[in-house]
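Line by line, the protein sequences give chains A and B. The first sequence begins at 1 in this note's numbering and counts up one residue at a time. The second sequence begins at 308 in this note's numbering and counts up one residue at a time.
These aren't lab readings, by the way, just hints derived from the structure by calculation. Think of the CB as a built atom: it goes at the ideal place given N, C-alpha and C, for glycine as much as any other residue. Among these hints, one or two may not hold up.
To be verified - Partial list, computed: chain B residues near chain A (C-beta under 7 angstroms):
id, residue
1, Leu-346
2, Gly-463
3, Arg-530
What the hints assert, rightly or not - Over the 12 angstroms line for every Cβ pair with chain B, so calculated as not near, a few chain A residues:
id, residue
4, Thr-21
5, Ala-69
6, Ala-230
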Amino acid sequence: MLPDPHSLSGPLDPAPEAGWTDAPPRMGFFTDTSVCIGCKACEVACKEWNDVPGSGLDLLGMSYDNTGALTANSWRHVAFVEQSRPAGHPAGVAGAGPQFLGMPGAQPPGRAGGAQGRTDFRWLMMSDVCKHCTHAACLDVCPTGSLFRTEFGTVVVQEDICNGCGYCISACPYGVIDQREGDGRAWKCTLCYDRIGAGKTPACAQACPTESIQYGPLDELRERAAARVATLHERGVGEARLYGHDPGDGVGGDGAFFLLLDEPEVYGLPPDPVVTTRDLPKMWKRAGLAALAMAAAAVAAFVGGSS
Amino acid sequence: MPEAEFTSYYGRPILKAPVWKWDIAAYLFTGGLAAGSSLLAAGGQLTGRPALRSAGRVTSLAAVTASTVFLIRDLGRPARFHHMLRVAKPTSPMSVGTWILSAFGPAAGVAAVAEGAAWLPERGLSGLARRVLPPVGHAAGLAAAVTAPALATYTGVLLADTAVPSWHEAYPDLPVIFAGSALASGAGVGLIAAPVAQAGPARRMAVAGAALELYGSHRVETRLGLLSEPYRTGSAGRLLRAGRALTALGVAGALLGRRSRTLSALSGAALLGASVATRFGIFHGGVASARDPKYTVVPQRERLQRRRAAEG
Numbered sequence: 001m002l003p004d005p006h007s008l009s010g011p012l013d014p015a016p017e018a019g020w021t022d023a024p025p026r027m028g029f030f031t032d033t034s035v036c037i038g039c040k041a042c043e044v045a046c047k048e049w050n051d052v053p054g055s056g057l058d059l060l061g062m063s064y065d066n067t068g069a070l071t072a073n074s075w076r077h078v079a080f081v082e083q084s085r086p087a088g089h090p091a092g093v094a095g096a097g098p099q100f101l102g103m104p105g106a107q108p109p110g111r112a113g114g115a116q117g118r119t120d121f122r123w124l125m126m127s128d129v130c131k132h133c134t135h136a137a138c139l140d141v142c143p144t145g146s147l148f149r150t151e152f153g154t155v156v157v158q159e160d161i162c163n164g165c166g167y168c169i170s171a172c173p174y175g176v177i178d179q180r181e182g183d184g185r186a187w188k189c190t191l192c193y194d195r196i197g198a199g200k201t202p203a204c205a206q207a208c209p210t211e212s213i214q215y216g217p218l219d220e221l222r223e224r225a226a227a228r229v230a231t232l233h234e235r236g237v238g239e240a241r242l243y244g245h246d247p248g249d250g251v252g253g254d255g256a257f258f259l260l261l262d263e264p265e266v267y268g269l270p271p272d273p274v275v276t277t278r279d280l281p282k283m284w285k286r287a288g289l290a291a292l293a294m295a296a297a298a299v300a301a302f303v304g305g306s307s
Numbered sequence: 308m309p310e311a312e313f314t315s316y317y318g319r320p321i322l323k324a325p326v327w328k329w330d331i332a333a334y335l336f337t338g339g340l341a342a343g344s345s346l347l348a349a350g351g352q353l354t355g356r357p358a359l360r361s362a363g364r365v366t367s368l369a370a371v372t373a374s375t376v377f378l379i380r381d382l383g384r385p386a387r388f389h390h391m392l393r394v395a396k397p398t399s400p401m402s403v404g405t406w407i408l409s410a411f412g413p414a415a416g417v418a419a420v421a422e423g424a425a426w427l428p429e430r431g432l433s434g435l436a437r438r439v440l441p442p443v444g445h446a447a448g449l450a451a452a453v454t455a456p457a458l459a460t461y462t463g464v465l466l467a468d469t470a471v472p473s474w475h476e477a478y479p480d481l482p483v484i485f486a487g488s489a490l491a492s493g494a495g496v497g498l499i500a501a502p503v504a505q506a507g508p509a510r511r512m513a514v515a516g517a518a519l520e521l522y523g524s525h526r527v528e529t530r531l532g533l534l535s536e537p538y539r540t541g542s543a544g545r546l547l548r549a550g551r552a553l554t555a556l557g558v559a560g561a562l563l564g565r566r567s568r569t570l571s572a573l574s575g576a577a578l579l580g581a582s583v584a585t586r587f588g589i590f591h592g593g594v595a596s597a598r599d600p601k602y603t604v605v606p607q608r609e610r611l612q613r614r615r616a617a618e619g
């Protein structure tokens with residue numbers, strides 16, 4: 001059988017491609033940041049269920065975010081973005097990026113200094129997670145077979161196999177998977193492989209009090225997300241947009257996608273991620289040419305001179 | 308270049324910087340040195356230049372042994388290094404490299420051990436080994452040389468097949484740089500170890516290797532727009548400039564020092580130093596590009612804008 005022409009990039013159903021027969025529908029997350037309240041219940045539930053070690057007390061001075069990023073010890077990360085906009089800023093135009101407005105006081109930010117300098121203010125909160133890419137670079141480059149594609153189309157590390165080579169960490173276009181200090185192996189969200197295998201909802205989605213994190217068959221989530229964006233646009237939230245939902249994007253679409261209220265990089269997401277292995281055939285070709293040139297140069301060095 | 312404007316999340320990097328330590332940069336050098344010197348050895352073997360043959364074989368074994376040590380030391384779980392041998396995956400340059408090393412290493416080892424045949428007593432079992440080893444060594448030396456170009460160039464794919472911006476975008480050039488660097492370092496061994504009468508091929512190899520290395524480095528430093536910046540600034544910039552200067556010195560010495568053993572050896576050392584500097588420079592340039600969100604956001608934004616403009 002010929003490999004799927006989209007086996008390295010483009011739209012694809014990953015579980016059958018990985019060899020699963022009678023795979024269940026692809027499961028994923030839709031994280032709707034427009035209803036996230038930044039409670040971090042997802043972070044806590046994830047740590048509790050998956051027995052992820054603590055990362056210590058660290059005050060980062062980044063609004064209420066003291067987690068900082070997705071790491072080996074944080075498989076959900078709630079980003080807090082504080083934005084001030086001139087009062088009367090028209091809807092539909094994105095804010096000026098994140099800006100720290102000082103630690104919260106008794107009054108809402110922008111109200112303390114009198115009418116002058118008063119601004120409109122918005123607070124973006126977003127629970128980030130592994131994207132479980134259709135074309136997962138981490139999985140493609142793993143040299144031990146530790147990373148694998150589950151029957152649900154998700155990507156999981158087998159910790160009894162991982163030898164901590166670190167290749168997946170450099171390969172991830174989202175900066176998700178990470179090496180755990182003192183352990184040496186790579187760790188990331190499993191989309192609660194143990195729970196979903198038993199028909200349960202992943203811990204973070206189960207704990208989310210506002211249904212910002214929704215779990216389900218990916219097709220269904222994509223429909224629901226499209227409807228949600230349409231509703232928000234109708235209500236005048238023109239900046240609402242989906243991220244990672246498109247099977248035609250650089251990673252073939254994400255198994256965990258998002259509704260955002262600003263550009264992706266404002267939340268620390270790459271604006272146009274591409275799976276590195278898309279270019280791998282061209283890379284091997286260039287290496288082959290360089291190898292031939294090297295062999296030719298060596299031959300010429302020995303036969304092409306008088307001394 | 309004007310300062311690029313972009314937004315980020317509190318200035319934090321989007322990507323995780325490579326967790327590879329200096330061992331991997333050192334491996335880029337030793338792996339290339341093993342490949343280059345095994346080509347030198349095979350050439351010496353086929354054209355009757357014993358000094359090139361034995362120096363190349365011994366260096367190749369030493370360098371491939373060092374490579375293995377560096378690679379295993381860098382693992383988060385070194386005791387599990389053999390898990391690399393569970394699978395063979397063409398989509399993983401590290402897996403491909405594992406198998407290339409598994410083919411090259413033993414061949415280079417046998418070829419180097421065969422160099423010791425002349426020291427064995429002529430009687431009994433060791434006498435038999437004394438007669439059998441040279442032909443076995445010749446076959447192994449050729450096997451190593453056939454694998455060598457793959458060993459020297461796959462590392463370019465190893466770095467490029469990542470999300471690290473300045474490594475990925477440099478994918479057409481990294482194998483060229485590494486092939487050149489490997490040839491030049493192999494030639495360096497020949498210039499140090501061989502008498503001037505036998506060193507002719509090493510001089511020519513030095514020139515060819517330097518040309519490939521300089522051409523490739525020039526391309527990554529100029530062709531990648533914003534993503535060339537990490538190769539021109541900071542420690543990567545200093546290392547690559549040092550590499551270029553040492554390469555120029557090495558080539559000049561190799562060409563001018565045809566009759567001087569000392570000058571030849573010095574130019575060989577300069578070529579080896581150049582290879583080390585270039586490998587560490589390329590390594591650090593990539594790491595720097597992963598640490599600054601600018602190199603992730605700006606090129607992706609530009610790509611998006613071009614796509615939107617094309618769609619109308």
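Hint check:
{"no.": "1", "hint": "Leu-346", "verdict": "holds, 4 angstroms"}
{"no.": "2", "hint": "Gly-463", "verdict": "holds, 6 angstroms"}
{"no.": "3", "hint": "Arg-530", "verdict": "violated, 14 angstroms"}
{"no.": "4", "hint": "Thr-21", "verdict": "holds, 21 angstroms"}
{"no.": "5", "hint": "Ala-69", "verdict": "violated, 6 angstroms"}
{"no.": "6", "hint": "Ala-230", "verdict": "holds, 21 angstroms"}
In this structure, the earlier hints numbered 3, 5 are contradicted, and the remaining ones agree with it.
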